[in-house]
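The listed protein sequences derive, respectively, from chains E and S. If you read the first sequence in this note's numbering, its first letter stands for residue 70, the second for the next number, and so on. If you read the second sequence in this note's numbering, its first letter stands for residue 2, the second for the next number, and so on.
Everything labelled a hint here was simulated from the structure, so no lab data went into it. Hints should not be assumed to be uniformly reliable.
[Claimed, not checked] Derived coverage of chain S by chain E (criterion: at least 3 residues anywhere in the stretch with Cβ under 8 Å from a Cβ of chain E; other residues may be distant): (1) 13–20; (2) 76–89; (3) 122–135.
In this text, a Cβ means the ideal position worked out from N, Cα and C, and glycines have one as well.
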Amino acid sequence: MDTSPYEAFAEAAADGIAFDGLSATTSDGQVEVTTPETSVTAPVSAPRGGLAPVEEYITDWFFWHQHAPQAEDRWAFLRWLESAEERSVPDRYEALGDGHTRSWGQLAVTVTLGEGGERRYDLRHEADAGTPAAELTGHDDPREMRDIVEADERGRYRPLKTAPTLVDGWVFHDIDAATLLEAIEYCYPATVANWHREREGELDISHWRETMERQTGIYGVIQTWDRGEGHDHVEWVAEACCADSQCLKRREWQYDGETDLSTDGGDGAFPCREPCSVVVSAARQWTKLEGEQSRTYEFELTPSEKEQLEALVDAVADGRAAEIREADLYDGANRYRTRFLRAKLFDDEGNLCGVPTSPEE
Amino acid sequence: MATLVIAAHGSHLNPGSSSPTYAHADTIRDVGGFDAVRETFWKEEPHFREVLRTVDDDEVYVVPLFISEGYFTEEVIPRELRLEEWDPEMWDSDGTDASQATLTAADTGQTVHYCGPVGTHEAMSDVIVRRAESVTGDDEVGEGFGVAVVGHGTERNENSAKAIKYHADRIRDRDRFEEVKALFMDEDPEVDDVTEFFESEDSEALRASGRSHGRRPCEDIVVVPLFVADGYHTQEDIPEDMGLTDDYREGWATPETVDGHRIWYSGAVGTEPLMADVILERAADAGAPVGDALDRVREVTGGAALAGD
Ligand code: SF4
């Protein structure tokens with residue numbers, strides 16, 4: 070690490086180097102370098118002057134082999150961040166000069182070039198793209214990401230890290246690769262590892278059935294929800310929990326190895342390889358609720374009241390209820406409208422239209 | 002070198018559930034001893050199922066931040082980590098003796114040293130005592146004080162009561178406090194009646210038996226719940242059950258007077274910084290090359306004067 074890029078490069082060239090369009094070998098104390106643009110040679114003992122024309126290639130090699138974390142998945146992720154597999158070194162260096170940005174969930178990561186080809190990173194919420202770093206709350210300790218991700222903008226705890234409710238207004242500016250990776254790991258745990266496995270064709274997906282069959286204890290009951298009568302219930306779970314509006318992971322698990330769900334899995338950059346603990350907990354509750362038999366109830370509603378009930382369900386399901394303006398009486402889920410409906414239709418026990426839930430009551 | 006993975010329950014509802022896990026992980030990170038320290042949860046991410054793939058090392062020490070041996074430590078964690086050769090017999094424990102087992106994770110091929118839970122490690126007794134010191138603000142606390150170690154009871158897991166009794170016995174044997182009791186939330190002796198177990202008659206009987214060195218009635222009682230994190234049980238149930246407050250939302254004083262006793266209620270033992278030491282001890286017992294990290298952790302967490310046994 071304490072050697073200069075040139076010396077480290079010249080030393081490594083003894084074993085031959087082929088990387089990012091450059092190739093290098095040594096013979097008779099000379100290092101010979103070929104790039105798509107040119108060929109140069111220099112003495113191994115003092116390589117700097119002779120290799121100066123291919124400086125970008127040298128510092129690029131140096132960063133990727135000496136600075137960047139070498140763990141395969143994280144290395145691949147850092148390469149992906151700067152589109153390294155698609156662009157030549159000179160192209161990339163030009164782009165990195167201005168900063169090259171990619172998004173990861175709700176994160177925007179901008180790569181720039183630092184001293185001697187070292188990559189520097191800027192990590193922030195994508196909604197803050199374009200805001201000067203000085204106007205955002207600055208962080209440099211990746212552990213601080215834990216506080217950032219804990220609650221949504223209304224202060225509610227976020228049990229699902231990949232819910233699209235990450236708050237904005239913060240930045241990790243001018244950080245190195247290790248800090249970046251650690252911060253991302255706290256924000257979206259294991260997403261880099263699973264993304265990489267998927268790219269390598271090695272993502273180990275556990276579908277709904279096998280995941281639920283694995284459950285024991287209070288979750289063991291979920292298995293009874295699969296009754297060999299189709300998988301509509303799982304379609305509903307996926308639509309309820311895994312849509313992009315609820316979770317940024319791209320759902321890759323299906324009902325089972327043979328039966329795909331028709332519900333869209335989403336477009337997220339990183340895959341979801343099995344039903345998560347939030348979905349498992351919810352499924353336990355639904356297993357209990359869905360064990361009930363349906364009954365016929367009779368309610369008298371005006372057409373507008375029926376539509377209002379539908380609007381209410383929509384507003385809550387879309388997380389819109391809190392945004393409806395106080396005096397927006399056109400919206401069925403408006404608070405006054407809803408209170409009026411309750412005043413008119415509920416009896417003292419809270420029964421809709423006075424109809425008891427259980428007739429025996 | 003190796004990676005330490007701390008496995009905890011976590012919560013979908015309460016952000017405070019995972020804070021002790023992060024705090025202890027940070028303490029251990031800061032003193033070194035491992036290449037990396039990772040947290041993993043049952044209800045949060047990274048999940049037990051996915052944590053190992055985020056770890057670079059081939060050698061991993063997994064320490065469950067759980068109080069007792071039972072469902073989570075014997076069944077859930079090993080299954081979710083894909084330690085397929087696991088069998089609870091490998092711990093050769095009757096409820097409080099789990100040490101470690103060396104296994105291979107089926108999805109990553111890593112060697113996993115699967116350690117017993119922190120709650121049954123003998124150093125946990127020191128953490129309970131430290132909790133008594135910190136809640137009373139007195140490093141010498143003992144004389145005139147009783148200690149109640151509180152747990153769930155056997156309803157869900159018989160080993161849970163074993164762990165509570167194990168530490169109560171160990172602390173009692175040190176003869177530092179006037180009286181030490183194991184109390185439970187859902188069975189006798191119940192925490193609801195905490196003051197009854199520290200009445201002066203008790204102490205007088207003890208004195209008459211010649212077992213005491215001039216013990217006096219325990220006007221002061223330190224109550225330490227053996228829980229990993231503060232939550233519903235430690236912040237709502239137990240304080241109300243003991244009569245510290247009628248409504249947990251209104252809080253209570255420390256100490257709070259109940260039936261003529263001063264009750265020093267400490268909150269979950271798992272939030273005590275010295276817990277980091279127990280985690281490290283667990284890993285070291287399993288052969289982790291922690292070097293002098295144990296000494297350094299004790300310096301930071303105030304455990305330098307650990308009594309040990
Ligand atoms: S199961 Fe669904 S909600 Fe859970 S992480 Fe996967 S995609 Fe997201």
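Now the hints, each set against the structure:
1. 13–20: Held - the segment 13–20 of chain S has 4 residues with a Cβ nearer than 8 Å to chain E, which meets the minimum of three.
2. 76–89: holds (count 3)
3. 122–135: violated (count 0)
Checked against the numbered hints given earlier, this structure breaks only hint 3.
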